[in-house]
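Trainee: One-letter residues, chain by chain:
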Amino acid sequence: MIKNIKLSYIFNFFAILLLVGVYILNISFENTKHIVSQKSLHSEINYTIDLSNNIIEHIKDEVGKENIYDVLEKDEYLKKHLESFLQTFNTNRYKYIYVVQKAGNEFRFLLDASKNVEDKAEFGELYTPLEISKWNDVYKTKKISYFSHKDDETLWITFINPIVKNGQVEALLILDFSIKEYAFIVEALNKLNGNFNYTLMFSMAVFMVIVIFSYVDYKREREREKIKIELQSKNKQLQYAKKYLQNRVKEEVLKSREKDAQMVEQSRLAQMGEMISMIAHQWRQPLAAIGSVGNSLIIKSQLGTLNSDVVEDLASKVVAYSKHLSSTIDDFRNFFKENKEKTKTNYDEIVNSSLSIVEAALSSKDIKIIKELESKKEFVSYANELKQVVLNLVKNAEDVLIENSVKEPYIKIKTYDTENKHILEVSDNGGGIPDEIIDKIFNPYFSTKKKKDGTGLGLYMSKTIVDEHCDGSLSVSNSSVGAVFKIVLHD
Amino acid sequence: MQKLLIILLLVVVTYASDELKIYERVLPAIFKMNKLKVFVSKDLESILSKSKHFVVVNDCNDADILFGRGFSKIKKECLKKPIFATNYITFKTYINSFGAFYWRKARPQLRFKQEILDKFHLKLPNSLRKYAR
Chain H
1 MIKNIKLSYI FNFFAILLLV GVYILNISFE NTKHIVSQKS LHSEINYTID LSNNIIEHIK
61 DEVGKENIYD VLEKDEYLKK HLESFLQTFN TNRYKYIYVV QKAGNEFRFL LDASKNVEDK
121 AEFGELYTPL EISKWNDVYK TKKISYFSHK DDETLWITFI NPIVKNGQVE ALLILDFSIK
181 EYAFIVEALN KLNGNFNYTL MFSMAVFMVI VIFSYVDYKR EREREKIKIE LQSKNKQLQY
241 AKKYLQNRVK EEVLKSREKD AQMVEQSRLA QMGEMISMIA HQWRQPLAAI GSVGNSLIIK
301 SQLGTLNSDV VEDLASKVVA YSKHLSSTID DFRNFFKENK EKTKTNYDEI VNSSLSIVEA
361 ALSSKDIKII KELESKKEFV SYANELKQVV LNLVKNAEDV LIENSVKEPY IKIKTYDTEN
421 KHILEVSDNG GGIPDEIIDK IFNPYFSTKK KKDGTGLGLY MSKTIVDEHC DGSLSVSNSS
481 VGAVFKIVLH D
Chain R
1 MQKLLIILLL VVVTYASDEL KIYERVLPAI FKMNKLKVFV SKDLESILSK SKHFVVVNDC
61 NDADILFGRG FSKIKKECLK KPIFATNYIT FKTYINSFGA FYWRKARPQL RFKQEILDKF
121 HLKLPNSLRK YAR
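Chains as they are written, first to last, in the numbering used here: chain H, 1 to 491; chain R, 1 to 133.
Don't take each hint at face value.
Away from chain H, derived, C-beta distances all over 10 Å, residues of chain R [stated by the list, open to error]:
1) 29
2) 61
3) 87
4) 109
5) 114
6) 120
Here are the simulated lysine-lysine pairs, BS3-like style, with alpha carbons at most 27 Å apart [stated by the list, open to error]:
7) 130(R) - 134(H)
8) 180(H) - 120(H)
9) 120(H) - 50(R)
10) 130(R) - 75(R)
11) 95(H) - 92(R)
12) 92(R) - 32(R)
13) 92(R) - 120(H)
14) 123(R) - 113(R)
15) 440(H) - 414(H)
16) 123(R) - 76(R)
17) 92(R) - 102(H)
18) 35(R) - 120(H)
19) 113(R) - 76(R)
20) 120(H) - 21(R)
21) 52(R) - 120(H)
22) 376(H) - 486(H)
23) 32(R) - 50(R)
24) 21(R) - 150(H)
25) 35(R) - 79(H)
26) 42(R) - 115(H)
27) 120(H) - 32(R)
28) 130(R) - 150(H)
29) 130(R) - 140(H)
30) 32(R) - 80(H)
31) 102(H) - 113(R)
32) 407(H) - 365(H)
33) 142(H) - 95(H)
What follows is a list of derived Cβ distance ranges for each label pair [what the hints assert, rightly or not]:
34) 133(H) - 103(R): 16 to 22 Å
35) 57(R) - 74(H): 44 to 50 Å
36) 104(H) - 103(R): 18 to 24 Å
Just so you know, these hints were derived from the structure itself, not from any lab.
We put the CB at the ideal spot given by N, CA and C, even for glycine.
Construct all of the structure, not just a fragment, from the sequences and the given hints.
Mentor: Right under this line is the structure:
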């Protein structure tokens, strides 16, 4: 389950937790700070209230019921005694302790506990405090008042306690006391509060960063989800396309196989036709000879010159011709027999065997065969298939020579060896193959034969045999007089 | 408005610790002079010599006023000149002391004696009349 929760959600949760925690801590600290600072100040104030009340009680006791100004004006001794009494409370903390009385719009000193001669006020000296309205307020309210003010170094409290006699404020007891400790506490708390504020700000910054990060992450996540959905959709389409293509490939492979089969069949039929044509050529002469022997037998029989010697002589000729016819059929049968395995062979055997089939036909058409058989090395290959290729190349050359009515036509068969290659070239003087079709002549069903109906499969099958069955190569180029087909076989 | 001005003045003095500023505002205004020749007590020499409104003189006879505290050792004829005191005792003791600025219980006190001002035909600006007795 945890794995399914996004990381940004966890970050957000902790960021909110952090923010809320720090905020609560901050509020709690603010309250604590307020309480501590107030308690601290109240403690100081309460102590000063008690102290000032005691001082006032003592002054009242000493002065009696008469007006304090009148008594002190007359009784210098009492004044000094009371100032000495006030001085006992004069410390670094209680810096100024004095008694003043309102005099018109100002005040006048009655008692001053100051030990510093420069700062010691005289009895009756006029005095104008800065916050005079607050002092006047004490006269009206008859209640203790205090307020803070700050000099260059320290925070001070001016504490005013009215000396009330007969329901009237007769004078004010003033205590200026330092609240240094309180100030330190407040300052420390403020610093701490500042740190808390920084923490809060930092938390907010962290929160903001995390929120931004989460937003970016959310957007990215959405984008990723979108891409994922798109990908899934594309994947489905691809799967569909794949299945469709697989089916199409199967179909096309089947079609191709059917086509190949048809092509092979067509090729075979074409070869059969060629074979029959060639057999006809081969058989024409012996058949004519046999016919001639038959005619000779008839004439000699009519003339009465037929004797056993003549019959024997003519019969032996017929047997010889019959054997020749039979051997011709064997040659053709062997020629078109499919090799199951590669055998040792050489170009001499392949060329001679091929030419023996076609030589008679070529001779009858005055096509000269030029043989330059220099290759003598043996190699391992499918001999019969190579013979079919050579025969096909020779037959193509023959067709071109006839079709173009070439004068002094010839077909040249040249073989030679290089270091590890065995090369056979079949060339003619038929004018060559036009440049625009030379790249297409090995394509299936491509034919240029006009008079003879070509299947367009001869060169395609030849190239398939050489390139794929025999691991060699069949290529074509043009010489100055005609086409040059080149078979290259390897050791 | 006047009160506010004075309070501000006093606050400036209190917190800026620059008593010279109040001297420069008060005394030239009373004497209606841009430059006042003053004979000062030792403690004020360095402070007033910096001012453009005061010329500190060495001979009290050359001074327009005596300025400072404790003039017991100066020539008696000089004591006839108007005195501006910087403590309560000088303000109280010298008969020709027409005004004072001093600190009492960490609070600034500005005071004038109307009688003496009149004697020297000095007139306080409106903003300072409040402090005259």
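Trainee: Evaluate each hint against the coordinates.
Mentor: We went through each hint and held it up to the structure:
1. The Cβ of residue 29(R) lies farther than 10 Å from every Cβ of chain H, with a closest approach of about 20 Å, so its non-interface assignment holds.
2. The beta carbon of residue 61(R) is kept farther than 10 Å from every beta carbon of chain H, the shortest such distance being approximately 29 Å.
3. Not every C-beta of chain H lies more than 10 Å from that of residue 87(R), the closest at about 7 Å, which undercuts listing it as non-interface.
4. In this structure residue 109(R) is not separated from chain H by more than 10 Å, as the shortest Cβ-Cβ distance comes to only about 6 Å.
5. For residue 114(R), the shortest C-beta to C-beta distance to chain H comes to about 14 Å, beyond the 10 Å cut-off, and the non-interface label holds.
6. At roughly 22 Å, the least C-beta separation between residue 120(R) and chain H is larger than 10 Å, which holds for a residue marked as non-interface.
7. Taking the CA atoms of residue 130(R) and residue 134(H), the gap is about 19 Å. The hint holds against a cut of 27 Å.
8. For the suggested pair residue 180(H) and residue 120(H), the alpha carbons sit about 24 Å apart, so the restraint of at most 27 Å is met.
9. Distance restraint check for residue 120(H) and residue 50(R): the Cα-Cα separation of roughly 30 Å exceeds the 27 Å cut-off, and the hinted pair is therefore not satisfied.
10. At most 27 Å may separate the alpha-carbon atoms for a hinted pair to count; residue 130(R) and residue 75(R) exceed this at roughly 33 Å.
11. With a C-alpha separation of about 25 Å, the suggested pair residue 95(H) and residue 92(R) falls inside the 27 Å cut-off, and the hint holds.
12. For the proposed pair residue 92(R) and residue 32(R), the alpha carbon gap of about 25 Å is at most 27 Å, so the pair holds.
13. Restraint check for residue 92(R) and residue 120(H): the C-alpha separation of about 14 Å stays at or below 27 Å, so the hint holds.
14. Restraint check for residue 123(R) and residue 113(R): satisfied, since their Cα atoms lie roughly 11 Å apart, inside the 27 Å limit.
15. For the hint pairing residue 440(H) with residue 414(H), the CA-to-CA distance comes to about 25 Å; that is within 27 Å, so the pair holds.
16. A C-alpha spacing of about 25 Å is found between residue 123(R) and residue 76(R), which places the hinted pair at or below 27 Å, so the restraint holds.
17. Taken as a hint, the residue 92(R) and residue 102(H) pair is honoured in the structure, with Cα atoms around 20 Å apart against an allowance of 27 Å.
18. For the proposed pair residue 35(R) and residue 120(H), the alpha carbon gap of about 34 Å is over 27 Å, so the pair is violated.
19. For a cut-off of 27 Å, the pair hint linking residue 113(R) to residue 76(R) stands: about 21 Å separates their Cα positions.
20. Of the pairs offered as hints, the one joining residue 120(H) and residue 21(R) holds, with about 26 Å between alpha carbons and a cut-off of 27 Å not exceeded.
21. With a CA separation close to 34 Å, the supplied pair residue 52(R) and residue 120(H) exceeds the 27 Å bound.
22. With a C-alpha separation of about 17 Å, the suggested pair residue 376(H) and residue 486(H) falls inside the 27 Å cut-off, and the hint holds.
23. Straight-line distance between C-alpha atoms of residue 32(R) and residue 50(R) comes to about 20 Å, which keeps the hinted pair within the 27 Å bound.
24. Taken as a hint, the residue 21(R) and residue 150(H) pair is honoured in the structure, with Cα atoms around 21 Å apart against an allowance of 27 Å.
25. Note on residue 35(R) and residue 79(H): the hinted pairing is violated, with a Cα-Cα distance of about 46 Å set against a maximum of 27 Å.
26. Between residue 42(R) and residue 115(H) the CA atoms are separated by roughly 25 Å; this keeps the pair inside 27 Å, and the hint holds.
27. Simply put, residue 120(H) and residue 32(R) have alpha-carbon atoms about 34 Å apart, too far for the 27 Å limit, and the pair is violated.
28. Annotation: proposed proximity of residue 130(R) to residue 150(H) holds, straight-line Cα distance about 26 Å (limit 27 Å).
29. Between the alpha carbons of residue 130(R) and residue 140(H) the distance comes to roughly 23 Å, so the proposed pair stays at or under 27 Å and holds.
30. As the CA atoms of residue 32(R) and residue 80(H) are separated by approximately 45 Å, the hinted pair breaks the 27 Å bound.
31. Only pairs whose Cα atoms come within 27 Å are accepted, and residue 102(H) paired with residue 113(R) is accepted, the gap being roughly 20 Å.
32. A hinted pair counts as satisfied when its Cα atoms are at most 27 Å apart, and residue 407(H) with residue 365(H) qualifies at roughly 11 Å.
33. For the given pair, residue 142(H) sits about 24 Å from residue 95(H) by alpha-carbon distance, which is consistent with the 27 Å threshold.
34. In this structure the hint that residue 133(H) and residue 103(R) lie 16 to 22 Å apart at CB holds, the actual value being about 21 Å.
35. A C-beta distance of roughly 46 Å is found between residue 57(R) and residue 74(H), which places it inside the suggested range of 44 to 50 Å.
36. Against the hinted window of 18 to 24 Å, the Cβ-Cβ separation of residue 104(H) and residue 103(R) comes to about 22 Å, which satisfies the hint.
The structure is inconsistent with the numbered hints 3, 4, 9, 10, 18, 21, 25, 27, 30, although it conforms to all the rest.
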